[in-house]
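A.B. asks: Sequence:
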Amino acid sequence: MDTIRHCREKIEEAKAKATSAQNDEAAEFYVQLARLYELELAAHLRRMPPPKRDQALALARGAIAL
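Here the sequence shown stands for residues 1 to 66, numbered as in full-length UniProt numbering.
Simulated from the structure, these hints should not be mistaken for lab results.
Keep in mind that a hint or two might mislead.
Computed Cβ-Cβ distance ranges for the label pairs, DEER-style [said to hold, decoys possible]:
(1) 2 / 50: 28 to 34 Å
(2) 25 / 50: 39 to 45 Å
(3) 6 / 31: 15 to 21 Å
(4) 29 / 58: 28 to 34 Å
(5) 52 / 22: 24 to 30 Å
(6) 15 / 52: 21 to 27 Å
(7) 35 / 55: 23 to 29 Å
(8) 28 / 57: 25 to 31 Å
(9) 57 / 25: 16 to 22 Å
(10) 12 / 55: 29 to 35 Å
Every value quoted in this text rests on a predicted model; they were computed, and no experiment measured them.
The beta carbon of each residue, even a glycine, is placed where N, CA and C say it ideally should be.
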């Protein structure tokens, strides 16, 4: 579950930085960084067995668009 929390925190942090970025290039960088963490989170969830995956999805829902 630590990986899920870590990814969720990083996604939220990147989204916040994208929102407050001073220019379009910086905003795009943080949007791409958030997407990278979303992919890492999705890959991690796919490797989990179904019972644990359901519990992990509940934790991750706020971070990724399902």
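A.B. asks: Compare the structure with each hint and give your call.
C.D. replies: Now the hints, each set against the structure:
For residue 2 and residue 50, the hinted distance range of 28 to 34 Å is not satisfied, since their beta carbons lie about 20 Å from each other. Restraint check, residue 25 to residue 50: a C-beta distance of roughly 41 Å satisfies the suggested window 39 to 45 Å. For the pair residue 6 and residue 31, the beta carbons lie near 19 Å from each other, so the given range of 15 to 21 Å is met. At about 30 Å, the CB distance of residue 29 to residue 58 agrees with the hint of 28 to 34 Å.
At roughly 41 Å, the beta carbons of residue 52 and residue 22 sit outside the given window of 24 to 30 Å. In this structure the hint that residue 15 and residue 52 lie 21 to 27 Å apart at CB holds, the actual value being about 26 Å. The supplied range of 23 to 29 Å is met by residue 35 and residue 55, whose beta-carbon atoms lie about 24 Å from each other. A hinted range of 25 to 31 Å holds for the C-beta pair residue 28 and residue 57, which are about 28 Å apart.
For the pair residue 57 and residue 25, the beta carbons lie near 33 Å from each other, so the given range of 16 to 22 Å is not met. Judged by the Cβ atoms, the range 29 to 35 Å given for residue 12 and residue 55 is violated: they are separated by roughly 20 Å.
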